[in-house]
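Participant: Sequence:
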Amino acid sequence: MESESKVGDVLLIYNVIADLCAFVLSHCQDEEVFVRYSCIAPLSKKELLAQISGAIEELFLKRNDGSLVIRQLTEEDLSQKFYQKLLSFIAVVCHQQNFFLIVCLLQVLDEALMTLLRNKVSAFQQTDFTVVLNTNRESTGIGLLPRCFCVWERRHRLSHSYNRLDNFLFHLLLLENTILGDLIDKHYFLKPEMFPRFAEQNKLRIAVSPLRLDRHFEPEVFEQQQVRYFRIAYAHGEFQRDNELIWQKIRQAAERQSDIVVFPELLGNPLTPDFISQRLKALHHDEREWMPSLMILPSYYENHLNTAVILDREGRVICKQSKQNPFRNEQKDGACLEAIKTNQVVNILHYHGIGRIAVLICKDFLTTSYMERLMRCFKLTLIIVPSFSTGSYDFRQSFDLCAHDDCNVIWINTCAALTEGKESNFENIGYVRKRIGRGDDDSQKLCRMPICQGAFHGECSRDCIYFETIRGV
77 MESESKVGDV
87 LLIYNVIADL
97 CAFVLSHCQD
107 EEVFVRYSCI
117 APLSKKELLA
127 QISGAIEELF
137 LKRNDGSLVI
147 RQLTEEDLSQ
157 KFYQKLLSFI
167 AVVCHQQNFF
177 LIVCLLQVLD
187 EALMTLLRNK
197 VSAFQQTDFT
207 VVLNTNREST
217 GIGLLPRCFC
227 VWERRHRLSH
237 SYNRLDNFLF
247 HLLLLENTIL
257 GDLIDKHYFL
267 KPEMFPRFAE
277 QNKLRIAVSP
287 LRLDRHFEPE
297 VFEQQQVRYF
307 RIAYAHGEFQ
317 RDNELIWQKI
327 RQAAERQSDI
337 VVFPELLGNP
347 LTPDFISQRL
357 KALHHDEREW
367 MPSLMILPSY
377 YENHLNTAVI
387 LDREGRVICK
397 QSKQNPFRNE
407 QKDGACLEAI
417 KTNQVVNILH
427 YHGIGRIAVL
437 ICKDFLTTSY
447 MERLMRCFKL
457 TLIIVPSFST
467 GSYDFRQSFD
477 LCAHDDCNVI
487 WINTCAALTE
497 GKESNFENIG
507 YVRKRIGRGD
517 DDSQKLCRMP
527 ICQGAFHGEC
537 SRDCIYFETI
547 RGV
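Here this note's numbering is used: the first residue of the sequence shown is 77, the next is one more, and so on.
Treat the hints with care, as some may be off.
Claimed, not checked - The calculated lysine-lysine pairs, modelled on PhoX-like cross-linking and capped at a C-alpha distance of 20 Å, are: (1) LYS417 <-> LYS262; (2) LYS417 <-> LYS396; (3) LYS279 <-> LYS262.
Claimed, not checked - Derived CB-CB ranges, DEER-like: (4) GLU448 <-> LYS267: 28 to 38 Å; (5) GLN173 <-> HIS232: 24 to 34 Å; (6) TYR469 <-> SER114: 30 to 40 Å; (7) ASN419 <-> LYS157: 43 to 53 Å; (8) PRO346 <-> GLN420: 14 to 24 Å.
None of these hints come from the bench; they were simulated from the model. Every residue, glycine too, gets a C-beta built ideally from N, C-alpha and C.
Hey, can you work out the whole structure from these sequences and the hints?
Facilitator: Here you go:
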C-alpha cells in the first residue's frame, strides 16, 4: 500500500481506497472471490463487520440492541489517528490476503463516505470539469468519482451478468484504467438547476430532429499513404439558412418543454455553435428558462475533426465531443475512410437522477468494443447518438446491449443520408431505446420515429421533430 497519512488530508481517504481496490483487482483476476462474496452468509458478514469495528470504531455506531450501523464520516473524523488505524488494519488484511474482509471494508467505506461524496458533487458542480478524487490514479490504475444515482438504473446493476468489484459499491464510481485504455476521460457534474422539470416530475423529455433532406456538403476523396480517405466540404452559402432551421427546432423543442434536444451528425457547420449561443444569450431571462437544458448541436467537420458541441440553455459550451472512430464509406470503386483525427477524449456528464450521459457520434456507437468500454467503465445510463447513416439496422442491434446494462439510448439519423436503393433502411429516422419495468408493456421499450414519406420523393418540408419521454423505473 502506497498511501501515507497526513494531518488534515481529507482527500487521502480516496487514495487509500484506490490502493485497496488495485490490490484486490490484481489478486482476484479470476473473479471467484466476487462470485462467492455476493452470497456471503449473514452471520459471516456480521463477523466481518465486527472485525472492522474492533479495529476502526469511528466507522460505526452501535444500536441499543448491540448491532452495528455504518456512520457517516465527517472531515473532522479523517484525522491522523483515524488513518493510522485504517492503514494498520489494511496492512494486516492485505498480508493475510483476506479478500472477503477487504471487500467488506470497501463496502463500509463506500457507505460511510456517502455524505462527503455528495458534498464533493456540490463542489464539482461549481467547476467547468473535474478529474478523479484520488491523486494516485497513475500508480494504481484506479480512478474514483462520486456516483450519481439514476432513476432507471437497478441498484444491483448487472450483478448477475458481471462479477466485478464495483458491484459492491454504490456511492463511489470505480474507473479502471485497464478498461478505459488510452482514452482520456473528462467529467462534468451538472448543477441541480440544470434540469428543473426533471427534478419535479422524475422524467426526461426528449426532442430530436433529422433536420432536412438536402445535404449542403460534398465528400471529397483523396489518397494518402496508399489509403483512400474522404473529407467534408460544406456549401458556405447555406450556413445562415441551416442555422436558422436549427434554431427553429430548438424553439419548437422549448414549446414542448423538452429537457434535451438532439440533432444528427454532419448537418451543422463551423458557425453553428456561436450562432445558437448568441441567439440564446439574446433571449430575455424568463424566456431562456424555458429552453432545453441540453442541446446536442449537429456535428460538423473541420480540420479533420467531426465535433458535436453541447450547449446549455444559457448558451454556454459545456463540452465538445469529437468522433473517435472513422466511418468507412463503401463505394462502387472501393472503400474510403473518414479523414478524422482521434483526440481520445470522452466527455461524461453527471447528474443526480439521470446518472451519466455520453455522446457517441455514429460510428463510435457501432464500434462495439469502444461503446461497451465506455458503458462499463463509466456505468453510462444515457447514450446520445447523432448519426448520418444509410440505415438503422446495426444501431438497433446495439440498443439491446445498452438496455441490458440499464443504459437508455437516443439515436437520430437524417434524411440527408437517404441513398437510392436503400429506402427500406429508412422506415424510421430515429429511435429512443428505454429500459422499462418488468410490468410495463414491452412495446414501450423501443420508440420509433417514422420518416416523412415525402423524403422518398425528394420532398422536404423541414418540419420534422419528434418527442419522447424517459421515466424512472
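Participant: Could you check the structure against the hints above and give me the numbers of any it violates, in ascending order?
Facilitator: 3
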